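With chain G's structure known, arrange chain Z on it following the hints.
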Amino acid sequence: MLSPNTHWNKTLLWAMIGIAILFILERTLPITIVTNWIWHLLILGIGYLIFRLPQLERMRTIVVAVLPLIIINTIKDLLKIIYLPLYEQIDNYLDFAIVFSIAWMIAMLLRSNKQNRALKKERQKTLAEEERNKFISAQKEKLELIVEERTAEITKQKDELMHAFTELKNTQSQLIQSEKMASLGELTAGIAHEIQNPLNFVNNFSDVNTELIDELSEEVEKGNLDEVKTIAKDIKENEQKINHHGKRADAIVKGMLLHSRSSSGVKEPTDINKLCDEYLRLAYHGLRAKDKSFNATMKTDFDKSIGTINIIPQDIGRVVLNLLTNAFYEVSAFANSSKEDLANLASSEDQYKPTVSLSTKKTKNGITISVKDNGNGITEKVKEKIFQPFFTTKPTGQGTGLGLSMSYDIVTKGHNGKLKVESEQGKGTTFTISLPLEQKT
Amino acid sequence: MKILVVDDEQDVKLLFQQRFRKEIRNKELHFAFAFSGEEALTYLGELNHEAVLILSDINMPGMSGLELLEQIKKNFLKPPPVVMMITAYGDKENYDTAMRLGADDFLTKPLEFGILKEKLKALL
Chain G
2 MLSPNTHWNK TLLWAMIGIA ILFILERTLP ITIVTNWIWH LLILGIGYLI FRLPQLERMR
62 TIVVAVLPLI IINTIKDLLK IIYLPLYEQI DNYLDFAIVF SIAWMIAMLL RSNKQNRALK
122 KERQKTLAEE ERNKFISAQK EKLELIVEER TAEITKQKDE LMHAFTELKN TQSQLIQSEK
182 MASLGELTAG IAHEIQNPLN FVNNFSDVNT ELIDELSEEV EKGNLDEVKT IAKDIKENEQ
242 KINHHGKRAD AIVKGMLLHS RSSSGVKEPT DINKLCDEYL RLAYHGLRAK DKSFNATMKT
302 DFDKSIGTIN IIPQDIGRVV LNLLTNAFYE VSAFANSSKE DLANLASSED QYKPTVSLST
362 KKTKNGITIS VKDNGNGITE KVKEKIFQPF FTTKPTGQGT GLGLSMSYDI VTKGHNGKLK
422 VESEQGKGTT FTISLPLEQK T
Chain Z
5 MKILVVDDEQ DVKLLFQQRF RKEIRNKELH FAFAFSGEEA LTYLGELNHE AVLILSDINM
65 PGMSGLELLE QIKKNFLKPP PVVMMITAYG DKENYDTAMR LGADDFLTKP LEFGILKEKL
125 KALL
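So the sequence lines, in the order shown, correspond to chains G and Z.
Plus 1 on top of the position in the first sequence (first one is 1) and you've got this note's numbering.
Plus 4 on top of the position in the second sequence (first one is 1) and you've got this note's numbering.
If we strip away everything but chain G, and leave its shape as in the complex, we get (with noise of 0.2 Å):
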């Protein structure tokens, strides 16, 4: 198939030598007044396909410029055959015709010309755009391809990540699990003491029963009665302390279990003071079984009308285990490194005393529980840390760094309460649990 452009020029190639053929005729035969009217209807056949053609529109502008000429010389030439003395006596009108009708062409022609540059300016304008829109839609399939590997590298990121989160959780729990056993190693020890206590009295007691029975023996034999009665009651008394001291060991051993175990979950009536003074004793103890040469002040101040408030009980006493075994760690190392610079103060009352204060009260809403020591008191930027998880100031192995964490959600996510600190440099520190007596089940 021919595209329009050869097919346009050879129709051109048949006229142009159709014109030739006509100019070589018109100058050799003396045939001047019919080629004449060939170039006239030529002329007009194509102003007409001009019109016609739609693919010839931008000359449309040039005919409309050339067309009083072409119409007037071909009015002129009529006229000429068919009534000369007119035309004789009009031919000064044609030619003021044809002279407007040149200046008019003159004119149409710039203006097409004008239009013609604005319209070559439009079209470089969109060849531009164009380009442009080609440049652009270049860089974004480039950009594309990198959002895609990028994309890709992300997914494979996230994938990697997801990984080591997973990871991290099961270290995690891992690691919660031997904090547990951590502070049960350091109970350990303050509960062997613990029942060591009411193991003596039981073995005591049960000794001074068995002389008390053999005295018994005794008297009943001398027919003492009155003697008999006093031992008795002495015996029955000594059996109340067995039991006593016994079900006091009991309980200790109980509370290691329920401490080695995980929470139970479930809140019950508890009496704080109790736990506190259980906790006490088995930070107390631990310590000292640990560091023979420890030695603290304990001062407590209970607030007697308490009475019980609805907690897991396991629960908030790792958590006061956990601040007084962090207080007694403080106030020994704080004893540790001022020994010398109070070795030279001969007055024992000037002394640095190890004191950790445990006290208990009553609020508006719920309860305060605050353990209090006298050691060397934290910066601002520890306290900023000091509940984040692995966040530790011991020297490395020494703590794994989740006690207060721990303790920080076991108060605010499992009780609704709040675990605050407070310091002065030099001075020791504070922590404040404060339950609410509300608790949300």
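The reader is advised that the hints may include incorrect statements.
Derived pair list, reagent style BS3-like, types lysine-lysine, alpha-carbon separation capped at 25 Å [stated by the list, open to error]:
(1) G/Lys395 / G/Lys428
(2) Z/Lys31 / G/Lys230
(3) G/Lys414 / G/Lys428
(4) Z/Lys77 / G/Lys237
(5) Z/Lys26 / G/Lys234
(6) Z/Lys113 / G/Lys248
Which residues of chain G face chain Z? A partial, calculated answer using Cβ under 7 Å [claimed, not checked]:
(7) Asn201
(8) Phe202
(9) Val209
(10) Lys242
(11) Asn296
(12) Met299
(13) Ser406
It should be emphasised that the hints constitute simulated quantities derived from the structure, not laboratory data.
Because the structure is a prediction, the values reported are computed rather than measured.
Even glycine gets a Cβ: it sits at the ideal position worked out from N, Cα and C.
Coordinates of chain Z only, in the frame set by chain G:
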């Protein structure tokens, strides 16, 4: 002989009363009890350190037995009471400190009442 027993465990009182029932009945020994170092000092101060023998636990909340020992040896000189220390932690440091502060004897828990009786009889 008047003996002051200092221990934060309340039942120590009954235990001593039972263990030394014969001695108490025969009025060989008199027992007084204090449940903290502070209480012991108050007792000694009020009764013009009547006690000639003091048996004190070392590990007590508040004033420790060692602090009490120091106070007694410093402030109650005429006649200086005999002070025996009792502790569950019979470690060397505790022992050395007690001895340095002037303790007359050092006993570890659980108490052997037979031995304690021998020691008290020797003092009588």
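Taking the hints in turn, this is what the structure says about them:
1. Only pairs whose Cα atoms come within 25 Å are accepted, and lysine 395 of chain G paired with lysine 428 of chain G is accepted, the gap being roughly 19 Å.
2. Between lysine 31 of chain Z and lysine 230 of chain G, the direct Cα distance comes to roughly 21 Å. Compliance with the 25 Å bound is thereby established for this hinted pair.
3. Of the supplied pair hints, the one linking lysine 414 of chain G and lysine 428 of chain G is violated, its CA atoms being roughly 31 Å apart against a limit of 25 Å.
4. Our distance criterion of 25 Å between C-alpha atoms is broken by lysine 77 of chain Z and lysine 237 of chain G, whose separation comes to about 40 Å.
5. Simply put, lysine 26 of chain Z and lysine 234 of chain G have alpha-carbon atoms about 16 Å apart, close enough for the 25 Å limit, and the pair holds.
6. This hinted pair checks out: lysine 113 of chain Z and lysine 248 of chain G have alpha carbons roughly 20 Å apart, not beyond 25 Å.
7. Look at asparagine 201 of chain G: its Cβ gets to within about 4 Å of chain Z, closer than 7 Å, so that hint holds up.
8. Contact between phenylalanine 202 of chain G and chain Z, as hinted, is supported at the beta carbon level, the nearest pair being about 6 Å apart and thus within 7 Å.
9. Because the beta carbon of valine 209 of chain G sits about 4 Å from the nearest beta carbon in chain Z, less than 7 Å, this interface hint is met.
10. Hint status for lysine 242 of chain G relative to chain Z: holds, with the closest Cβ pair at about 6 Å, below 7 Å.
11. The closest approach between the C-beta of asparagine 296 of chain G and any C-beta of chain Z is roughly 6 Å, which is under the 7 Å cut-off, so the hint is satisfied.
12. Annotation: interface hint on methionine 299 of chain G holds; nearest CB of chain Z at approximately 4 Å, less than 7 Å.
13. The interface hint given for serine 406 of chain G is violated, since its Cβ lies 30 Å from the closest Cβ of chain Z, which is over the 7 Å cut-off.
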